[in-house]
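K.L.:
Here are the chains, one letter per residue:
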Amino acid sequence: MRVEEFDVLIVGAGLSGLRAGLELSKKWNIAVISKVYPVRSHSGAAQGGINAALSNLEEGKGDTPKAHAFDTVKGSDYLADQDVVMFMCEEAPKIVVEFESMGAPFSRLDSGLIAQRPFGGAGFPRTCYAGDRTGHALLHTLNEQSIHNGLNFFNEYFLVDLFKADRRIAGLIALDIAKGELVSFRAPYVILATGGFGRIFKFSTNAVINTGDGVGAAFRAGIPMQDVEFVQFHPTTLFGTNILITEGARGEGGYLFNNKNERFMEKTAPKAMELAPRDIVARSIETEIIEERGFENSYVHLDLTHLGAERIKERLPGIREISMSFAGIDPIEEPIPVQPGQHYSMGGIGTKFDGEYGETDLSGLYTIGECSCLSVHGANRLGGNSLLETAVFGRHIGRKLLKKGLPNKSSLSEIQIAEERAIDNIERLFKSWNENTGKKPVEIRNEMGETLNRNVGVYRTDKDLKKATTTLLRLQKEFLNTQVSTEDRSFNYGLIRTLELRSMLDIAEATAYASLWRKESRGAHFRIDHPTRNDDKYLVHTMIYSVKDELEIKTKPVKLGIFEIKERKY
Amino acid sequence: MVEKHKFLVYRNSGNGKSHYDKFEFPVSKGMSILDALFYIQDYFDSTLAFRYACRGAICGSCGMTIDKVPLLACRTQVSTVKTSKKPAKLPEFKFSDHPEWDPETEILIEPLPNMSVLKDLVVDMEPFWKFYREIEPYFARKWNDVAPESLQSTGQMKTIERLVYCILCGLCWACPVSKENPNYLGPAQLAKADRFIRDSRISDDRQESILSRVLQDDAVPACEKFFVCNRVCPKRVMPGTAIKDIRNNWINE
Ligand SMILES: Cc1cc2nc3c(=O)[nH]c(=O)nc-3n(C[C@H](O)[C@H](O)[C@H](O)COP(=O)(O)OP(=O)(O)OC[C@H]3O[C@@H](n4cnc5c(N)ncnc54)[C@H](O)[C@@H]3O)c2cc1C
Ligand code: SF4
Ligand code: FES
Numbered sequence: 114m115r116v117e118e119f120d121v122l123i124v125g126a127g128l129s130g131l132r133a134g135l136e137l138s139k140k141w142n143i144a145v146i147s148k149v150y151p152v153r154s155h156s157g158a159a160q161g162g163i164n165a166a167l168s169n170l171e172e173g174k175g176d177t178p179k180a181h182a183f184d185t186v187k188g189s190d191y192l193a194d195q196d197v198v199m200f201m202c203e204e205a206p207k208i209v210v211e212f213e214s215m216g217a218p219f220s221r222l223d224s225g226l227i228a229q230r231p232f233g234g235a236g237f238p239r240t241c242y243a244g245d246r247t248g249h250a251l252l253h254t255l256n257e258q259s260i261h262n263g264l265n266f267f268n269e270y271f272l273v274d275l276f277k278a279d280r281r282i283a284g285l286i287a288l289d290i291a292k293g294e295l296v297s298f299r300a301p302y303v304i305l306a307t308g309g310f311g312r313i314f315k316f317s318t319n320a321v322i323n324t325g326d327g328v329g330a331a332f333r334a335g336i337p338m339q340d341v342e343f344v345q346f347h348p349t350t351l352f353g354t355n356i357l358i359t360e361g362a363r364g365e366g367g368y369l370f371n372n373k374n375e376r377f378m379e380k381t382a383p384k385a386m387e388l389a390p391r392d393i394v395a396r397s398i399e400t401e402i403i404e405e406r407g408f409e410n411s412y413v414h415l416d417l418t419h420l421g422a423e424r425i426k427e428r429l430p431g432i433r434e435i436s437m438s439f440a441g442i443d444p445i446e447e448p449i450p451v452q453p454g455q456h457y458s459m460g461g462i463g464t465k466f467d468g469e470y471g472e473t474d475l476s477g478l479y480t481i482g483e484c485s486c487l488s489v490h491g492a493n494r495l496g497g498n499s500l501l502e503t504a505v506f507g508r509h510i511g512r513k514l515l516k517k518g519l520p521n522k523s524s525l526s527e528i529q530i531a532e533e534r535a536i537d538n539i540e541r542l543f544k545s546w547n548e549n550t551g552k553k554p555v556e557i558r559n560e561m562g563e564t565l566n567r568n569v570g571v572y573r574t575d576k577d578l579k580k581a582t583t584t585l586l587r588l589q590k591e592f593l594n595t596q597v598s599t600e601d602r603s604f605n606y607g608l609i610r611t612l613e614l615r616s617m618l619d620i621a622e623a624t625a626y627a628s629l630w631r632k633e634s635r636g637a638h639f640r641i642d643h644p645t646r647n648d649d650k651y652l653v654h655t656m657i658y659s660v661k662d663e664l665e666i667k668t669k670p671v672k673l674g675i676f677e678i679k680e681r682k683y
Numbered sequence: 022m023v024e025k026h027k028f029l030v031y032r033n034s035g036n037g038k039s040h041y042d043k044f045e046f047p048v049s050k051g052m053s054i055l056d057a058l059f060y061i062q063d064y065f066d067s068t069l070a071f072r073y074a075c076r077g078a079i080c081g082s083c084g085m086t087i088d089k090v091p092l093l094a095c096r097t098q099v100s101t102v103k104t105s106k107k108p109a110k111l112p113e114f115k116f117s118d119h120p121e122w123d124p125e126t127e128i129l130i131e132p133l134p135n136m137s138v139l140k141d142l143v144v145d146m147e148p149f150w151k152f153y154r155e156i157e158p159y160f161a162r163k164w165n166d167v168a169p170e171s172l173q174s175t176g177q178m179k180t181i182e183r184l185v186y187c188i189l190c191g192l193c194w195a196c197p198v199s200k201e202n203p204n205y206l207g208p209a210q211l212a213k214a215d216r217f218i219r220d221s222r223i224s225d226d227r228q229e230s231i232l233s234r235v236l237q238d239d240a241v242p243a244c245e246k247f248f249v250c251n252r253v254c255p256k257r258v259m260p261g262t263a264i265k266d267i268r269n270n271w272i273n274e
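Those protein sequences? They're chains A and B, same order as listed. First residue of the first sequence: 114, per our numbering; consecutive thereafter. First residue of the second sequence: 22, per our numbering; consecutive thereafter.
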């Protein structure tokens, strides 16, 4: 067995993992483990921007970190932990300026300062951007700095499971994708930065690789999932591939039409129309589709044709390119087919109450970025806050650990026992998959995705959620007998995708379970049978544990005290 | 509307021996070549190897040769691959002898050219990354997190915008010079160098250091102006033009 030893292991080379790595590599021997090359990470797909109260615009002069924090807490429908939000918003201007000093190619104002634009739910124009590919610009910038600073990468290594020794984290087992061999990475600190997990849904704007492997590995190691019922749906994703069609298309004046040629937003938001908040537009579109006023029972039309060729070419070139390349439609001539899709996961790996930001209940294990739940987004994330979260907490965790120093390592004999046990488990799993005669992984994956979309989607009811939990339980059973060849393990992506499914099923189940438990509507979680918010009962974080193969729910208090709880009204 | 399509896919288990597999299956509306490969992996052969991540033409993972043209698999539609316009004057890419390929009815899928194959459609990108690191693609300013940020005019920003957009997909390594000269740094690498050389915020030291590397024989001077890179680049980075610009600005002074 190949063994590697480091002071810290960071799993994930998106913005959060890279930023943590850049901090920690200043002093320690670290490794960044990623299933894809760093620049392939999904952070690169972010378009809109990153929030910071820089006040670079005249209209933004009154902006402050506190105002930013207020918007974030209000947007979260008051479920966010207020101290963490405050910290993030105070760090925001520093983090953006730091990105610039690293060379990030931000768009600029005439003054030469970083440009900012207004974004939904924000009181001031505070979203800094690099054209309509901010994530790409920032991810490449951190990758460049990683080259400069000689960061140590294990690219195309897949985290399978974590292992513990002496009641703390001791390392992880990864599959070297090229060689196809299992490798034991030992370290007293592990940071999970594995990104979002939108692929549990059939329709998602997320990359194919956003499968929640870190959340699954932590869950199997006893760490709960927190707030996973809160899933942000974007109203306009391209029918077919579900690639994001940004709000900008409606911002520029695009109309939404059903198959009766009606601008149906009249019914739900007669004033704001197409520019109503994301969740409302998503629900309105879903209603049209359910009530058979959509096209092919699946989508509505986003019409830009009235804007004219010139305006579309100048203001929305990205949207035009996406529509032409991925749907064969030129928005100058024809409307774009759109449907709501999963976009962002507010929940994730559960964190310790009153711990360091990102600390879990397992000593030495930390988590940052979209896979984590710190919780800065509460029940609903504001656009532009998640890129911010990645870098702020990446840097923060690095600094905190360096200050804390390296802990005493677990005893070598305990580590060896733990890693061997972990490897044995995985080998047994591989062997069974190779010999099984049950369904193919794709059948289970498809049914999981369809179930989540249908029963745990934009609209939720007791009845549908119960259906979902039953179906998912059956799929879990079927998965035990799934078959995939594990003989030749070199670049065996069929195997990789089955390992991903293993985690996704757990997350899907927890999502349905938590949604069923939360009998209220808050932020992105909308229960038709419980349409209002219920602070008396549900102003708490949900923590889903696996106890003897059964899901169990606990709660964790929300950190309040800075902003008063109010109704979320815009 | 379900229509059957035929695919001829390059296979190589990494031991040097290669062959082609045929697949035929119904294609749903809007299916990309990447979707088709997933379909094969899901239903016919789970060991078929290819790289992917974003499926939205932004991550640069899925470069391959489709009907003899280097393309991003995720952005190429099965239904239009036969009818869409091909870039002009491409060199011929040969991977091995393949069984009769009927270009009218079969979609031919092969790895990226001028890179060695690790398995099936997965190529060894290590040389690509190595040359990328060699041009020192970074700022070395001391990190600063105290406002104000350093200034840049919108005009200055515009001069690097197109170059920033490179997704490091490697399609431009279809360049005939890359084929002949394994030491040639490559179009993407030189375009990235231009991105840094041009940036108004770069220090003189850094600019000189990058220039001294890219002006060596196996870099800018090696370009033979085929401009294949410009024609295959999926992001309109125009690396060939960047190389020409470096030459004009820094050699023919
Ligand atoms: C289309 C789209 C647009 C967006 N636009 C914006 C925006 O404008 N503004 C904003 O603030 N946010 C936006 N977001 C959200 C934001 O981009 C993400 O939340 C953020 O980039 C996540 O960063 P991360 O570092 O947590 O994870 P990622 O960038 O997803 O990186 C995850 C890393 O983990 C690695 N990994 C995962 N599993 C394993 C494993 N098993 N083994 C090894 N490595 C593994 C991957 O290789 C990868 O390197 C957008 C999201 C989408 C989908
Ligand atoms: S220059 Fe174009 S073809 Fe070359 S790596 Fe960059 S995006 Fe790909
Ligand atoms: S999968 Fe990312 S570019 Fe094709």
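Misleading hints may appear alongside valid ones.
[What the hints assert, rightly or not] Distance condition first, Cα-Cα at most 20 Å in a straight line; then the derived SDA-like pairs of lysine to any residue:
| id | chain 1 | residue 1 | chain 2 | residue 2 |
| --- | --- | --- | --- | --- |
| 1 | B | Lys-106 | A | Lys-207 |
| 2 | B | Lys-106 | A | Met-437 |
| 3 | A | Lys-590 | A | Ser-524 |
| 4 | A | Lys-140 | B | Lys-106 |
| 5 | A | Lys-207 | B | Lys-163 |
| 6 | B | Lys-163 | B | Tyr-64 |
| 7 | B | Lys-50 | B | Ala-109 |
It is worth saying that the hints were derived from the structure and are not from the lab.
K.L.:
Taking the hints in turn, state whether each one holds.
P.N.:
Outcome of the hint check:
| no. | hint | verdict |
| --- | --- | --- |
| 1 | B:Lys-106 <-> A:Lys-207 | violated, 47 Å |
| 2 | B:Lys-106 <-> A:Met-437 | holds, 14 Å |
| 3 | A:Lys-590 <-> A:Ser-524 | violated, 37 Å |
| 4 | A:Lys-140 <-> B:Lys-106 | violated, 53 Å |
| 5 | A:Lys-207 <-> B:Lys-163 | holds, 14 Å |
| 6 | B:Lys-163 <-> B:Tyr-64 | violated, 52 Å |
| 7 | B:Lys-50 <-> B:Ala-109 | violated, 28 Å |
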